[in-house]
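> Protein chains in written order, with the numbering used here: chain A, 1 to 205; chain B, 206 to 489.
Any given hint could be a false lead.
Stated by the list, open to error - Calculated from the model, a selection of chain B residues having no Cβ within reach of chain A, i.e. all distances over 10 Å: (1) Gln423; (2) Ala454; (3) Gln483.
As the list claims (entries may be wrong) - If we take Cβ atoms under 10 Å as the criterion, some of the chain B residues that face chain A in the derived model are: (4) Leu448; (5) Ala450; (6) Tyr453.
FYI, nobody ran anything at the bench for these hints, they're computed from the structure. By construction, the Cβ of each residue, glycine as well, lies at the ideal position given by its N, Cα and C atoms.
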Amino acid sequence: MTTDTRSTGPTTVEKPAGFTILQIVLIPVIAALNYVTGVIINILKLPLFMDTWATMFGTVVAGFWVGAAGGFLYNIMMAFTLWGLPQWVWGFINIYIAIITWVLWRIGWVTVKSPAKLVAAGIIVGATNVVPTTLISWGVFGLMPTYAGTAWIYAIVLASTGNAWTATVISSIIAEIPDKLISLVLAAVVASRMPARFTLRTPKA
Amino acid sequence: MSNTAFGILKSGYVARDTFVHRLDGRTKFLFFLWISLFNYAFYDLYVTISSLVIVLSLAFVARIQKFVLTVLAIIVLPILLLALGIMAGPFGFAPNKTVLASVQVFGFTVAFYVEGAVYVAVWTSRLAVTITAALLAYLTTHPSDLAAVMLKSRLPYKFAYAFLATIQLIPILTNEISTIYQAQVSRGLNVKAKLIDRFKSIIVLMIPLTLGAINQTQIRAIALESRGFSAPVKKVMLRDPKLEASDYAVMTIIGIMTCVFIYLIWTRGLVPFMVGIQYVRPGG
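Construct all of the structure, not just a fragment, from the sequences and the given hints.
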């Protein structure tokens with residue numbers, strides 16, 4: 001008697017396509033960490049956003065795609081819940097953050113072993129992030145002031161130049177550089193405390 | 206964002222038996238997309254205020270008005286007040302010409318302008334409409350239906366998993382952070398310390414939270430694999446939502462209103478109803 005094993009045999013996974021399972025599971029963790037950081041910032045009453053640090057952390061410990069997907073998912077989820085649809089475009093900020101963090105990590109600047117390079121990397125991330133932030137502020141908020149912490153700077157620049165673009169760019173610089181610097185330092189510190197067995201990243205060249 | 210807003214995301218689906226709850230997730234998502242797009246197309250306070258009245262009425266019908274009004278008060282109201290004070294006020298916003306009102310402050314005349322006030326009102330109303338429409342879809346759709354809708358919309362099941370897992374993880378991690386916070390407070394963490402010390406406090410809160418979350422990913426990965434998550438087979442859904450007559454009725458209304466809006470844009474431009482107000486580009 002013969003049996004057709006092809007129809008009754010167990011399903012075997014020879015090669016899962018795309019992300020590995022651990023990376024897929026890590027993506028929502030990155031998104032949720034970005035979100036929960038808001039709770040901590042709220043508790044500590046700090047004048048920061050810090051909602052990109054987990055994107056940086058995910059990029060450092062698990063690679064560019066995990067960081068970018070986790071960060072983008074965080075914005076998608078917030079857009080579909082509390083923020084409203086147009087704000088999904090903030091997801092591109094998280095992709096940009098993942099790209100620049102990945103580049104800076106690859107050249108060895110995102111490490112607690114070299115604090116000066118880490119600080120320089122944080123400033124680079126913050127300064128260059130002003131461009132996409134201003135573009136999104138133009139499309140979604142009409143270049144209105146939306147953050148109370150820098151609204152006074154916005155008002156002063158608007159009063160002296162009469163230009164909402166300049167006011168938005170300057171208030172973004174004031175808000176973005178400290179925020180991204182502290183976010184990157186936090187990501188590097190937490191990544192340095194990670195046991196090696198949890199790290200999913202590919203080794204540096 | 207306040208604790209109330211976090212509470213809303215933590216609670217997620219609000220179980221009620223209303224007309225809005227009975228609509229298919231795809232219909233609610235379509236409505237959300239449609240009303241958001243058209244609100245950003247028109248520069249007309251009458252259009253955005255009418256849309257806001259409609260979405261708020263639906264929130265009352267769905268009996269989620271308390272959640273929606275709280276979120277609007279937390280997110281939109283501060284932006285409205287901040288932007289009104291600056292862009293409608295005497296800070297030199299370029300389009301400002303017509304004085305709406307003026308007050309005397311220490312002998313100086315402080316004027317508020319129509320153009321700036323309308324500009325801020327339009328943009329904040331747009332935000333309020335999209336946020337309310339988003340909450341209407343999110344709070345009235347069961348997470349299982351949400352997953353089914355994503356799969357039926359041909360999104361990759363890995364994306365559907367990641368989206369739903371994020372919703373599930375937020376309350377878990379929020380509870381964990383309160384446990385870690387209490388433990389650290391008992392070890393001397395002072396949340397009313399100087400700014401620098403509060404920055405240092407982020408690290409002592411984030412490290413245990415992150416390591417705990419990463420540790421759980423291993424368990425979650427094993428659990429998923431044990432259910433054949435990566436298996437190259439067709440995935441089945443727990444629920445199978447179907448479009449009902451009410452869904453087709455809503456879609457028909459959306460179709461008719463789309464034609465009306467396109468006709469309005471074609472014949473009257475982006476400011477169809479406001480008289481004496483010019484279109485102002487973003488940023489003036």
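> Hint by hint, note whether the structure agrees.
Hint check:
1. Gln423: violated, 7 Å
2. Ala454: holds, 23 Å
3. Gln483: holds, 15 Å
4. Leu448: It is violated, given that the least Cβ distance between B:Leu448 and chain A is near 20 Å, above 10 Å.
5. Ala450: Given a least distance of 26 Å, the restraint on B:Ala450 is violated.
6. Tyr453: It is violated, given that the least Cβ distance between B:Tyr453 and chain A is near 23 Å, above 10 Å.
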